[in-house]
Amino acid sequence: MIELNLLPQDLRSRKQIVFNLDKIIYFSKIGFLILIGIHILLLFICLFYKFRADALNKEWGRISSQNADVISLRGEISVFEKVIENTDKLTRVQFPWTHKLDRLNSLLPNGLWFNHIRAGAGSLDITGSVVSRNKDEVEILNNFLQDLKKDFSFYAGFKNLDVVSIVRSNLFGVEVINFSIRGILE
Numbered sequence: 005m006i007e008l009n010l011l012p013q014d015l016r017s018r019k020q021i022v023f024n025l026d027k028i029i030y031f032s033k034i035g036f037l038i039l040i041g042i043h044i045l046l047l048f049i050c051l052f053y054k055f056r057a058d059a060l061n062k063e064w065g066r067i068s069s070q071n072a073d074v075i076s077l078r079g080e081i082s083v084f085e086k087v088i089e090n091t092d093k094l095t096r097v098q099f100p101w102t103h104k105l106d107r108l109n110s111l112l113p114n115g116l117w118f119n120h121i122r123a124g125a126g127s128l129d130i131t132g133s134v135v136s137r138n139k140d141e142v143e144i145l146n147n148f149l150q151d152l153k154k155d156f157s158f159y160a161g162f163k164n165l166d167v168v169s170i171v172r173s174n175l176f177g178v179e180v181i182n183f184s185i186r187g188i189l190e
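If you count by our numbering, then the sequence shown holds residues 5 to 190, one letter each, in order.
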């Protein structure tokens with residue numbers, strides 16, 4: 005059926021908007037519950053991230069203490085690397101130590117002996133003692149040093165070879181001279 009309304013616009017009956025109060029209360033309750041649910045969800049998310057941050061801080065503390073251990077270990081490693089580097093330098097230098105020690109042994113006079121021989125970076129240090137019945141310990145030491153300097157096969161590779169110290173001592177009534185010789189390598 006077709007309904008014709010020929011009345012002018014201002015006289016026509018209009019549909020009135022009716023507010024259903026029950027629906028408004030129902031939807032406002034649902035919106036309020038959703039808002040409370042979102043707040044509870046945000047609360048749990050915040051608590052989760054707080055516990056996660058605390059756990060990460062504890063792990064950071066553990067890692068930083070281990071990092072301090074690693075830093076000290078790196079320092080020790082660098083010291084060992086320097087020792088290895090110095091040892092490598094000594095082994096790379098083709099210095100005939102066995103020949104030098106053999107020549108020291110063959111030139112060694114009676115009454116003179118070595119207490120300590122040290123080959124370091126760039127030097128040879130010899131400490132020893134001299135004893136003589138004729139009281140000519142200094143002369144024996146000087147002759148030994150001159151023989152070392154004259155022996156070309158031994159003295160090759162040295163800049164100089166000198167007595168560093170001489171100390172006289174008396175051991176059980178016998179006069180003993182303790183000496184130190186240093187040879188600087190080229």
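Among these hints, one or two may not hold up.
[Said to hold, decoys possible] Just the calculated beta-carbon pair ranges, DEER-fashion: (1) Ile188 / Asp92: 39 to 49 Å; (2) Ile38 / Ile75: 14 to 24 Å; (3) Asp73 / Pro113: 48 to 58 Å.
[Claimed, not checked] In silico lysine to aspartate or glutamate, DMTMM-like type, Cα no more than 25 Å apart, as pairs: (4) Lys27 / Asp14; (5) Lys154 / Asp140; (6) Lys163 / Asp92; (7) Lys54 / Asp73; (8) Lys86 / Asp106; (9) Lys93 / Asp129; (10) Lys163 / Asp151; (11) Lys163 / Glu143; (12) Lys139 / Asp166; (13) Lys153 / Glu141; (14) Lys139 / Glu179; (15) Lys93 / Glu7; (16) Lys163 / Glu179; (17) Lys153 / Glu190; (18) Lys153 / Asp166; (19) Lys93 / Asp73; (20) Lys154 / Glu141; (21) Lys153 / Asp92; (22) Lys163 / Asp106.
Hints in this document: simulated from the structure, not taken from any laboratory. All figures in this text were calculated on a predicted structure; none of them were measured in a lab. Backbone N, C-alpha and C fix where the C-beta goes; we use that ideal spot for every residue, glycine too.
- Task: Mind listing which of the numbered hints don't hold for this structure, in increasing order?
- Result: 1, 2, 4, 7, 8, 15, 16, 19, 21
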